[in-house]
Amino acid sequence: MECTIDSLVSRLTSEEDGSKWPIMATPSDTNVTTEINIQTVQQLDENKFVLVRNLHGGIIIRYMCLIEQARLEMVEGKRRFKFYYAIGDSMANARTREVELTSDDNVRWITDEGGYSLTLTEVDESSVEVVFDSLG
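Residue numbers (my numbering): 1296 to 1431.
Don't take each hint at face value.
FRET-style restraints, in silico, Cβ to Cβ [to be verified]: (1) Asp-1340 with Gly-1409: 17 to 27 Å; (2) Asp-1340 with Glu-1297: 31 to 41 Å; (3) Arg-1403 with Lys-1377: 22 to 32 Å.
It is worth saying that the hints were derived from the structure and are not from the lab.
Quick caveat: nothing in here was measured; it's all calculated off a predicted structure.
By construction, the Cβ of each residue, glycine as well, lies at the ideal position given by its N, Cα and C atoms.
Work the whole structure out from these sequences, hints included.
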């Protein structure tokens, strides 16, 4: 891809409390605005978190995900940015959704489990190698 790694990273992440989080791509017909609320449910270790995200638009799209915190690192003299993103569900979350169904019809939960990893490797100052892997 012909761009800088910094430019690409800034388009693919949101920043909260000094941490970069990957943004889940959404189809253009979902009317999602730029407002994305993130709630940390659990911190598993220094770089892994369970989050709930709300994407606002005509309806609120909500999902629970496990994210390995994204960061730039040096690998063989090249900058690399890698993160893992997995959408999941739990029995406790299903019970919570049942309660919420009566309170807010504008919320739609994504519960299909799956995810991806994305690796961006700087080739030179103006190009980036992009590797996307589906996780299920």
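Outcome of range test on Cβ distance (Asp-1340, Gly-1409; 17 to 27 Å) | The hint (17 to 27 Å, Cβ to Cβ) holds, given that Asp-1340 and Gly-1409 are roughly 22 Å apart.
Hint check for Glu-1297 and Asp-1340 - Cβ pair distance inside 31 to 41 Å = Holds, since Asp-1340 and Glu-1297 (Cβ atoms, about 36 Å apart) stay within the stated range.
Confirm or reject the claim that Arg-1403 and Lys-1377 have a C-beta distance inside 22 to 32 Å.
-> holds (30 Å)
Going down the numbered hints, you'll see the structure goes against none, and every one checks out.
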